[in-house]
Each structure stands twice: as C-alpha cells, then as structure tokens.
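Novice: Each chain is listed here by its residues.
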Amino acid sequence: MQLPIYLDYQATTPVDPRVLDEMLPYFTEKFGNAASRSHSFGWSGEEAVEKARKQIAALIGASPKEIVITSGSTEGINLAMKGTAEMYGSKGKHIITSLVEHKAVLDTAKHLEKEGFEVTYLSPDKKGRISVDQVRDAIRDDTILVALIWGNNEIGTLNPIREIGALCHEKNVLFFTDGTQAAGKIPVDAIADNVDMLCLSGHKLYGPKGVGALYVRRRNPRVRLVAQMDGGGHERGMRSGTLNVPGIVGLGAACEIAMNELEKDAQHTSALRKRFEDKVTGALDHVHINGDVEHRLPNCTNISFNYVEGESLIMGVKDLAVSSGSACTSASLEPSHVLRACGVGDELAHSSIRFGFGRHTTEEEVDFAADQMITAVKRLRELSPLYEMVQEGIDISSIDWSGGH
Amino acid sequence: MAYSDKVLDHYNNPRNVGSLDKKSNSVGTGVVGAPECGDVMKLQIEVEGDRIVDAKFKTFGCGSAIASSSLATEWIKGKTVDEALQIKNTQIVEELSLPPVKIHCSVLAEDAIKSAIADYKAKSAGKQED
Ligand SMILES: Cc1ncc(COP(=O)(O)O)c(C=O)c1O
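Taken in order, these protein sequences are the chains called A and B. Position 84 of the first sequence, counted from 1, bears residue number 84 in the working numbering, the numbering being contiguous throughout. Position 69 of the second sequence, counted from 1, bears residue number 1069 in the working numbering, the numbering being contiguous throughout.
The set of hints was computed from the structure by calculation and includes no laboratory data. Heads up, some of the hints might be wrong.
Below, simulated EDC-like cross-link-like pairs (lysine to aspartate or glutamate); rule was C-alpha separation at most 20 Å, straight line [said to hold, decoys possible]:
(1) Lys126(A) to Glu1036(B)
(2) Lys378(A) to Glu277(A)
(3) Lys1056(B) to Glu388(A)
(4) Lys1056(B) to Glu392(A)
(5) Lys1114(B) to Asp1009(B)
(6) Lys1023(B) to Glu388(A)
(7) Lys318(A) to Glu1036(B)
(8) Lys110(A) to Glu334(A)
(9) Lys1114(B) to Glu261(A)
(10) Lys318(A) to Asp1005(B)
(11) Lys1022(B) to Asp395(A)
(12) Lys1023(B) to Glu334(A)
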C-alpha cells in the first residue's frame, strides 16, 4: 500500500492507463490539426475526434452531432448559461438555479444578473435536493433556463433530473444540468432524462484535464446557443479554437471505459464507501453523514465529525488526501456554501470532510483510512473543549458565544 | 497549506492539555471564540500569590489555533499575572510564523489569557468581599 492514500476523487481522478495509451500517438506521430482538410495528418486527427465524439455521445445517450467539445465543465457551464441567455434573452430574462451549485454556475449566474437577468436561487432540502415542485413554483412566463446540478460535488446528492426535465419541457423552458460528477458514475440518458444541455469533464472520469464536452440537444427542442468564443468556427460555430486532439481522444476513451464499467465501478466504490462509513460510524459517536443517503453518487461521502474542526482533522491524517467540507484550507475561512444551504450549522460544517472512492481504491486503503480517521478524531476530541462540555452534559447550543470572533 | 515546524510541533505534541478545577478559587477559566467560527479555546490558570503555577488548555480549531493556545500555556506558566497580561498576539504570530489568514488564532489566544486572568481576578475580588 502506497502512502498517501488518495480519497479526493471528486476533485479529480488519475488518467486511466488505457486512456493514456490511446492518447500518446496523438502527441507525436499523429499530431495533425483536425481542421486541416488537405492532407492525411489532418484527416487522421479529424477521424480521431469523430470517434471520440461518438464515445462521448454514447455515454450520455446523445448523438455525436449534439456534442460540443470544451476545455472542461467550467467552459461548458459558461457556454450553456451565457449562450442561452444571449440567444433567448429577448424572450425572457428569468433564470432558475440553486444554492448548491458549483461556483462555476453560481458565478455565471451572478454575471448574468449584472447583465440584467433575474436569477432565482432555489434552496435545497436538508439533504441537498431540489424538488420538482420547487421548480414548478419558481417557473414564470419569462423563465428561459433552469440550471441544476445532477450529482453534487461536495455531498453527492442527486437531483430528480428526469422529473425536473419533464416539467421544463412541459413549460417550454430550457434545462441545463451540470453532469460533471454524474456522467460516468450513474446512468445518464440525455433523451430519456429530458435534459437539453449537459456538461461533463474529462478529469472527473479518469480522462485528462482541460477537456470536456457540452451536450446540446438538437431535437425536441432544438437548442441554439450564442458562441462565447469567436474564431475559426470550429464545433459548428459553437466553440472556436483548434481542437485538443490528444485530450479529446483521451476523453473519448475515458467515456467508453466509463460506460462499459459503470456498473462495476459503482458497485466497487459504493461497497468501499459502505465499508468506510460502517467502520467510522461504528467506532465514533457524534458523527453525521451529510447529504441524501438514498439519492446519491456511489463514490463519495461527506461526514461531519462533531466537536473537532475539519482543518485540524485533515492535518492529523496526513497520509490521506481528503478535502474539508469547510473551505478553511483555501484562503477563505467560510464554511462550505453547500452544507450551509442544507441547513448544516456552521459549527458542523467546520467539522466536515469529503471522502471520495475511485476505480483503483482498495479495501486495504479504506481500512487504513478509517483507522486513521478514528484515531485522529479521538485524539482531537481529547483536545476539544466542546467535546468535554458535551461529556459534562452541557448543551453547547444554549451557550452565548457572542464574545466570539 | 504549509504549516511551520513550530505549529506542527505544537499540533503533534500539544503542551498542557487538560482541565483544572474551574470551581477552585485559585483557578481562572477563559473560554473564547465560537463553534460557528470554527475556533473555541478554553484556557485555565492556577495562581498562587501572584504567580501562575499551572496552565491548561483545550482547543477546538485548526492546527494554528491549537498551536497558539498550546504556546500560550507554555509562556504563561511561571509568569506573574501582570507579566502574562503583557503577552501580545504579535509575539505568538512571530514565534509560530503564522500566515495572515491565521492571525485571528493568535488574537484568540491572547484573549483567552486575558479572559482567564479576568475570571481569576473576579473570583479573588469576590473572596475578599466575603
Ligand atoms: C460539479 C462540478 N461542476 C463543475 C466543475 C468544474 O469542472 P472543470 O474543472 O472541468 O472546469 C467541477 C469540478 O471542479 C464540478 O465538480
């Protein structure tokens, strides 16, 4: 077993060696520009891109013509939301999204607000889910777009995408979903799931970084977007720029593997997750699993360890690569906006850690990780004045902490 | 985030962890911070005459908060109450090489010292009135 153990698969995944093998020739001997029409270098590049487009489309039940290659989900989100707003802004200026979206969606929404759009931010239930009824109540005559995350990157909660999509179709509102964490992890069928636009990203499904795709529906309804990148008119004019052929080949190969091994991967990771959760919750009191244990991604869990602070906990498990639900490790000291939106108190949000399990994670690693967590939590609770108060029977929420900073 | 060696040392081997009898008249207790903010420090001193003969802490917070309070107990032990009141958060920042985002941890540690001493003084003032 090699240390440190990587348990941060929602942040990124390693490139699968099979994917890398497919990519390598496209850096060197097959280096042609896929837009070069006059020689075989260009043709082989184009052929490789079209094969990849089919592989990407197949993973999400789309047709290859509905796939726009991007640099990743951030770009896909920007193109979908800004492109829709620009194209349909004369029909209406109202957009619906939620408080548990990735920053790329939230900041794009903020940007559109500055341009005169009105955005409704739906508040999830305690488990991080948005309901169809909430969306129905929020849709107005001037609503042009609903943008909701499929599988949450912090807590793994899955939204009822198919039902929300059906509602959007009934109401003639376009529906974009951020499928970055869902694609390749759970079955996705753009048509059956009533999705109009969906973004995915190579590096979340064992493909390379810096490449992704945006699905843009061509029928019932046909979605038109205003390009956000002007230039040579690549990707049917929706996204100019010389195609990243090796990256695209990698994304295609990664999608094909993800499709073929979806069930196996899901079973593997969810079994490991259960093993981890059972061990940790069996050994420690005052732990809480965040999100929706019924409707969630198979490969992650977000756990609050009450009365210990997340950053100190991560410091105590230096052989594990995990991420804190609180953003203390970055420059800001704010707790996670997702946990906050779920109504998790700031105190618990500061005590939360996300664990992600991957294709290559082993039982031995999970057991080691659980033991490390248990030891670190016990040690930090020895140090915790809050845990001491709870042991003494003091109700922490009854204390006036107003002297605090 | 990279931690300084001194922060890591205090985090891995915190000094003076524990609790003193908060009901004792020779013990002063300071609890500062708030769980919602991600840091709570409890610092206690035991005073004989005007000298701090023992100090204990417990901290809920990041590594820098734990290190700041651990260092604070180390520094005040053996000092007189007045000397302990002279300790400034900037000295803690310097000793532990805390980055700007962690300065609040040192402020909290200074507050904890002051709060424990204030509690002790309030108790002994009450005693004299009896
Ligand atoms: C849900 C979600 N959306 C969007 C992104 C951004 O993706 P990318 O890194 O491909 O720009 C991420 C990854 O951080 C994500 O998890």
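Novice: Each hint: holds or not?
Specialist: Status of the hints after comparison with the structure:
no.	hint	result
1	Lys126(A) to Glu1036(B)	18 Å, holds
2	Lys378(A) to Glu277(A)	16 Å, holds
3	Lys1056(B) to Glu388(A)	14 Å, holds
4	Lys1056(B) to Glu392(A)	18 Å, holds
5	Lys1114(B) to Asp1009(B)	25 Å, violated
6	Lys1023(B) to Glu388(A)	16 Å, holds
7	Lys318(A) to Glu1036(B)	25 Å, violated
8	Lys110(A) to Glu334(A)	19 Å, holds
9	Lys1114(B) to Glu261(A)	61 Å, violated
10	Lys318(A) to Asp1005(B)	15 Å, holds
11	Lys1022(B) to Asp395(A)	18 Å, holds
12	Lys1023(B) to Glu334(A)	36 Å, violated
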